[in-house]
Amino acid sequence: MDRSDKTMTTLGDMPSPRRRWTRAALVGLGLVLAGCAKDAPQDYFQPKGPNAEKIDNLQRPVFYIAGIVGVIVLGAVGYIVFKFKDRGQDIPEQSHGNPKLEIALTILPAIILAGIAVPTVITVFELDKKDDTECIINVTGQQWWWEYDYATGSCGGVEIAEPIVTSGELVIPTDTPVLLRITSRDVIHSYWIPALNGKRDAVPGRLHTLRMQADEAGLYTGQCTEFCGLSHARMRQAAVALEPADFQTWVDNQLEPYAAPEADSLAAEGEGTFIANCSKCHQVNGIANSDGSPVLSDPDLYVVSGVAPNLTNLLTRTAIAGWTFDILTEECRTTLWETRGAGFGELYLQGVTPECFDEVALREWLRNPTGMKPMFADATNLESTGGKYRGMPNLNLTEDQIDQLIAFLIERK
Amino acid sequence: MFTTGSKLFVGATALSTVGAIVFAASVGGPTGILGTIGLITVAIAFAFLAGINFFTRDGNVSAMEPGAEVNSAAAQPPVGRSMWPMVTAVGIGGIAVGAVSKPVVFKVSVIIVLAAAVEWMIQGWSERASSDRAYNDGLRKRLLHPLEFPILASVIAAVFIYSFSRIMLTIDKDAGRWVFIIIGAIITAVGFVFAAKRGMSKGTAGGIIAVGALALVGVGVASAVSGQRPIEEHPHINTAVCLGTASAEEIEEVDAKASQTVAAKSNVLANVYLAEDEHLFALNGGIGNVEYQEITVPRSTDVHVLFHNDSPEPRRLTVHLGTFPAADGTAGSELADCTTAVEAGGEAFLTFRLDKSQAASSTPYRLTVPGVEGQEIKLLVP
Ligand SMILES: [Cu+2]
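Which chain is which? The protein sequence lines are A and B, in order.
Heads up: the first sequence begins at 1 in the working numbering, then just goes up one per residue.
Heads up: the second sequence begins at 414 in the working numbering, then just goes up one per residue.
No lab work stands behind these hints, which were simulated from the structure alone.
From a predicted model like this one, the values you see are computed outputs, not experimental measurements.
There could be a bad hint or two in this list.
Computed, partial: chain A to chain B, Cβ under 10 Å [unchecked claim]:
| hint | residue |
| --- | --- |
| 1 | V203 |
| 2 | L207 |
| 3 | S279 |
| 4 | K280 |
| 5 | S297 |
| 6 | E359 |
| 7 | V360 |
When the alpha-carbon atoms are kept at most 30 Å apart in a straight line, the in silico BS3-like pairs for lysine-lysine are as follows [stated by the list, open to error]:
| hint | chain 1 | residue 1 | chain 2 | residue 2 |
| --- | --- | --- | --- | --- |
| 8 | B | K791 | A | K129 |
| 9 | A | K129 | A | K199 |
| 10 | A | K413 | B | K791 |
| 11 | B | K791 | A | K280 |
| 12 | A | K48 | A | K280 |
| 13 | A | K130 | B | K791 |
| 14 | A | K130 | A | K199 |
C-beta: ideal position from N, C-alpha, C; glycine also.
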């Protein structure tokens, strides 16, 4: 077949050059606009605390410089491609080497890189500062949720008399330099609240520190950023910043002694169901058997990571199971997420009120946890872990038992 | 009619088809399905390649060209001898022997057969790649040397290292030092001789090296057969030592044999100090100047504390790990772990893990220094 023939036939099937350009431009525009998404709470271009600001002050200029260099390079490439396109002209004279140009093109990037390196190193050291810490919180990752232990002592002036254990939501006082001590109980995870600081890996046997400080009361979301198995995508977290007075209220509430459900209520039946089915993994502080002896969990015997979320104050949190499934109605959640500053503390401290409680997720979680979140929790297939679960198994509860448990859990606040 | 290339692919197609049938018939479950699908895919791929090869006559000859059956590269007679049929046969024999004796023989033989298959195929192909013999020779080398040399070199290095390690494990610890020095000296000396005597023939040099290598491997094999030297068991830190209930001699021996170096200083949950006046306190990583008398420890997590002994006496840090009912229902006794006795001014690392909440233990979790009364740091495990 003759060459011109071929071009003729193929050209016929292709969109005209102009249409092609329009399409490419549309796709490009779409990609650019995706960057402007409004509902993007994990946008790291919006720092909400001094540590994130330090990072932002570094990454913005670097981003712009890299952007300008990128545009220049791509522009030059584009220009050269079009300008020197093969139009059948003669091959130009070939030359080799241009020392002046080569030296300039070596020194210029070196200067730019040095210019970036100095502030980078300074920022790295500033982000590692520890001596101004006013509060220590242990953060431990496991498949597939985060646990927080509040060390006793002062936390930004608020005295914590007994350790507090919670999960998913890290509650911190505003304007207080908090130091997280991050580790893991199984595989490597990574803690990240983009609005407040960068990422920090959680590595078993190691203890990594990360500064956290929020300027304004509010809820800042994040997620595990190191692939950690089946439900990595469902391992999320949030930092909740409360003004110091509100933080005091939160601490007092967390440490309030256990209030047993009213006798003969559905919740009281739920307490029994909980002790029978759940307490081997989950701790509810202060809960006791009918003979008065404390009910103590033994998650180390049943779960690979050796822990399960502490449910003492479940309903003070707004999402469950790796902070993935909301127990707040969508409306209440939107309000909570969008409130910043003065009104936030009050809203958050109400906990999950009856109007805001959306039991769908919690109910489904009790009915079929592995259906909601992929977990290694098939009781018939645990040889590789010596009979222990990763995650929560399906306990085959009846609908009655689930009703009782919900009634019991709803009071855990 | 069939070209060399298409013969190979027709054979491979037949083999993978048979494989697929055997696999489908013998292996059940998802593995069986996956494997069968995989093998059928392979068979189809080979059939496709066979077709292409057949149609293009191995890509060497235009099908229209007269006399191609005689002149084409594919029609050239084989060159030289090949060791690969023999190696393959040895490998297959090894597989058979390995299947009934040791798995390692089986595995090594499978590797040999696979390697031989690759070598054989490439050699067979390169010998007929063109009708130019010299070019064909070079082709094989160009393809296989980058693979053969590094693999062979690592195997040889591994054999040497393994032999040497067996020798070092067998001979006495003190003798080992001398063996190391002497062998090193000999190698250096021989190197000097080689360098000085430029004119030495390849044969002589090769011979000397071969004798040395043989000696090393021979002694290595002998050492491996005779087994390791007995390695002395030192008494270990144990609960009785940590709680101070062991005999004075045992405690002394444990401490005498222990290493005093601290390997790691990072990642500590707390720095624990025994001050000059024997006051015990902890500094939490982070808050520099607040002395803590209690530390919150996340449960089921390995944690590390670094003990600094600033008192004038050698002291150890003991962690009390609680008391739990024994399996037979009796009360059980207190568990503990500790550092070795740390010289004045020294440091030691202590790693521990508490799986149960404090409420489950009948004795408190805490850090103490045996011999120092009234000082402790509480460990809070929520
Ligand atoms: Cu994770």
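Hints violated by the structure (numbers, ascending)
3, 4, 6, 7 and 12
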